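Student: Letter by letter, the chains look like this.
There are 2 protein chains.
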Amino acid sequence: MPSDRPIGVFDSGVGGLTVLKELRKQLPGESTVYLGDEARMPYGEREAAEVVLFTRQAIRWLAANADPKLVVVACNTATAVALEVVREESGVPIIGVVRPGAAAALSATSRRAIGVLATRLTVRSGAYYRALRDLDPLVDVLQQPCPTLVPLIEAGKARSEEARAAVRQYMAPLLSEGAVVAPGVDTVLLGCTHYPLMRWAIEEIAGPSVRVVDSATTTTLAVREVLASHGALSRASSAEHRVFATGERERPRAVARAMFEEDVEVEEATLS
Amino acid sequence: MPSDRPIGVFDSGVGGLTVLKELRKQLPGESTVYLGDEARMPYGEREAAEVVLFTRQAIRWLAANADPKLVVVACNTATAVALEVVREESGVPIIGVVRPGAAAALSATSRRAIGVLATRLTVRSGAYYRALRDLDPLVDVLQQPCPTLVPLIEAGKARSEEARAAVRQYMAPLLSEGAVVAPGVDTVLLGCTHYPLMRWAIEEIAGPSVRVVDSATTTTLAVREVLASHGALSRASSAEHRVFATGERERPRAVARAMFEEDVEVEEATLS
Numbered sequence: 001m002p003s004d005r006p007i008g009v010f011d012s013g014v015g016g017l018t019v020l021k022e023l024r025k026q027l028p029g030e031s032t033v034y035l036g037d038e039a040r041m042p043y044g045e046r047e048a049a050e051v052v053l054f055t056r057q058a059i060r061w062l063a064a065n066a067d068p069k070l071v072v073v074a075c076n077t078a079t080a081v082a083l084e085v086v087r088e089e090s091g092v093p094i095i096g097v098v099r100p101g102a103a104a105a106l107s108a109t110s111r112r113a114i115g116v117l118a119t120r121l122t123v124r125s126g127a128y129y130r131a132l133r134d135l136d137p138l139v140d141v142l143q144q145p146c147p148t149l150v151p152l153i154e155a156g157k158a159r160s161e162e163a164r165a166a167v168r169q170y171m172a173p174l175l176s177e178g179a180v181v182a183p184g185v186d187t188v189l190l191g192c193t194h195y196p197l198m199r200w201a202i203e204e205i206a207g208p209s210v211r212v213v214d215s216a217t218t219t220t221l222a223v224r225e226v227l228a229s230h231g232a233l234s235r236a237s238s239a240e241h242r243v244f245a246t247g248e249r250e251r252p253r254a255v256a257r258a259m260f261e262e263d264v265e266v267e268e269a270t271l272s
Numbered sequence: 001m002p003s004d005r006p007i008g009v010f011d012s013g014v015g016g017l018t019v020l021k022e023l024r025k026q027l028p029g030e031s032t033v034y035l036g037d038e039a040r041m042p043y044g045e046r047e048a049a050e051v052v053l054f055t056r057q058a059i060r061w062l063a064a065n066a067d068p069k070l071v072v073v074a075c076n077t078a079t080a081v082a083l084e085v086v087r088e089e090s091g092v093p094i095i096g097v098v099r100p101g102a103a104a105a106l107s108a109t110s111r112r113a114i115g116v117l118a119t120r121l122t123v124r125s126g127a128y129y130r131a132l133r134d135l136d137p138l139v140d141v142l143q144q145p146c147p148t149l150v151p152l153i154e155a156g157k158a159r160s161e162e163a164r165a166a167v168r169q170y171m172a173p174l175l176s177e178g179a180v181v182a183p184g185v186d187t188v189l190l191g192c193t194h195y196p197l198m199r200w201a202i203e204e205i206a207g208p209s210v211r212v213v214d215s216a217t218t219t220t221l222a223v224r225e226v227l228a229s230h231g232a233l234s235r236a237s238s239a240e241h242r243v244f245a246t247g248e249r250e251r252p253r254a255v256a257r258a259m260f261e262e263d264v265e266v267e268e269a270t271l272s
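Listed in order, the protein sequences are those of chains A and B.
Residue numbering for the first sequence follows the numbering used here, starting at 1 and increasing by one per position.
Residue numbering for the second sequence follows the numbering used here, starting at 1 and increasing by one per position.
The hints are simulated quantities; they were obtained by calculation from the structure and are not laboratory data.
These figures come from a predicted structure and were not determined experimentally.
Idealized CB from N, CA, C, for every residue including glycine.
Check the hints yourself; a few may be wrong.
[Stated by the list, open to error] Quick look at which bits of chain A chain B covers, simulated, 3 or more residues with Cβ under 8 Å:
#1 103 to 109
#2 221 to 234
[Claimed, not checked] Far from chain A by the CB rule (all over 12 Å, computed), these chain B residues:
#3 Leu53
#4 Gln57
#5 Ala166
#6 Ala172
Chain A with its partners taken away, still in its complex shape (with noise of 0.2 Å):
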């Protein structure tokens, strides 16, 4: 695995960005490729096939188009359901989310409750119930699709006292007022990688007692040691980072533009 080939790095949309930033921030000698299937997004309100097929097509587009070392499904709902099928595919290794984003919440609890706050296909395939059981039979998870945020955020509302009302409604069933869990969750869970797009209105409702975590630290953590284990961590002392979306473009380049502040291209890309 040659170490100047950059990561790829997939999501949905513009979720996987946040990811992306981590990445570059931590790992500053490596180039990336991200691909954001705008075209097709959300994917947390599809059916699981169509999920693990587009997650399929957007492995081999970035394996034919960027070469990478290794990919980053920055996706939790792809990563939910594809990410065995296509880690056993795939010529390259593949990092998920779901699995990392676990292991941040538990590290983060004390009373073992955590929320996970995730698309309804990721809450309906139970991967982050089992990975949190995995790690600790006696963690209390309660989970909360929320199916407006993703579309929200990808139409550049992640700011707007909609997405404080939407925030709001999701998290009711999780804090101490109307919790299953008495007194409520001690952790909340980021199980979409857009979803840190709208932390301020997320802890702002979650208040102060309450951790909101998210996998970008995590996956990174993963990342780093994988390509430490090949022997393919780059050396470079600088990097290239490359953007790419299927469909729309002007928004993902305003949303990257923002959380990297820099102007970024955003190239086109198209799957089949």
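Once you have looked at the hints, place chain B on chain A.
Tutor: Chain B only, in chain A's frame:
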């Protein structure tokens, strides 16, 4: 990398058993070979060059006697000063515990104020400071050397009043009363794999508002992802576990028996 080879785990003494326990829980199909260098512990008060030499000897011993597919250096001191050296020399992937511990602590903190309890050599190496600051340049890190804890634990006094008193003294600078970072840290990272054996006292003195985290969960995440990336996760339904120690074998046997709730044979090893 054949999937049926064991995972090697190395520590200066019994501390790494806390990592072994998590590995066995999360990866029940994986066989393990544990090596504790009882004869020469504690490492934390030694010179860095000695620890590099001992770690190199341990990795070589595991290679010659257990043919592991991967080795976990389950000792923070050895990770801090020797990981890069032994990684370059080794034919198999080597996973340390410092970066996984740092990722766990960053997932747990909400006020970005982390206390690190560690051996004197780990503190002096700056490894945790660098790993935490790499992850978050704005995090406050308070490192506290705890030179008496490993000797107390190895002497079977992890649950003594003496242990509680030592922990109280070491933790004081991290907590609100005397803290440099007012109002004290919100997360205490156990930066030595022995310290989870004293978690009862550390949590008691830290109080309910401080999260106490260790590196076992995130280290196991790294092991799983590295093995998966090499197609080397075991497909076995059962596993074999062997424990070796240099020098004293009765004390490690007693600790292992209490931890795994079964009789554990500790075999003799000689490092040179």
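Student: Going by Cβ atoms, does B/Gln57 stay more than 12 Å from chain A at every point?
Tutor: holds (22 Å)
Student: Hey, does B/Leu53 actually stay past 12 Å from chain A on C-beta?
Tutor: holds (22 Å)
Student: Beyond 12 Å on every Cβ pair: is that true for B/Ala172 relative to chain A?
Tutor: holds (21 Å)
Student: Taking beta carbons only, do three or more residues of the stretch 221 to 234 of chain A come closer than 8 Å to chain B?
Tutor: Satisfied; 8 residues make the cut.
Student: Is the coverage entry for the stretch 103 to 109 of chain A by chain B consistent with the three-residue Cβ rule at 8 Å?
Tutor: holds (count 6)
Student: At 12 Å, judged by beta carbons, does B/Ala166 keep clear of chain A as stated?
Tutor: Holds: least Cβ distance 23 Å, greater than 12 Å.
Figure legend: structure checked against the earlier numbered hints; every hint is met.
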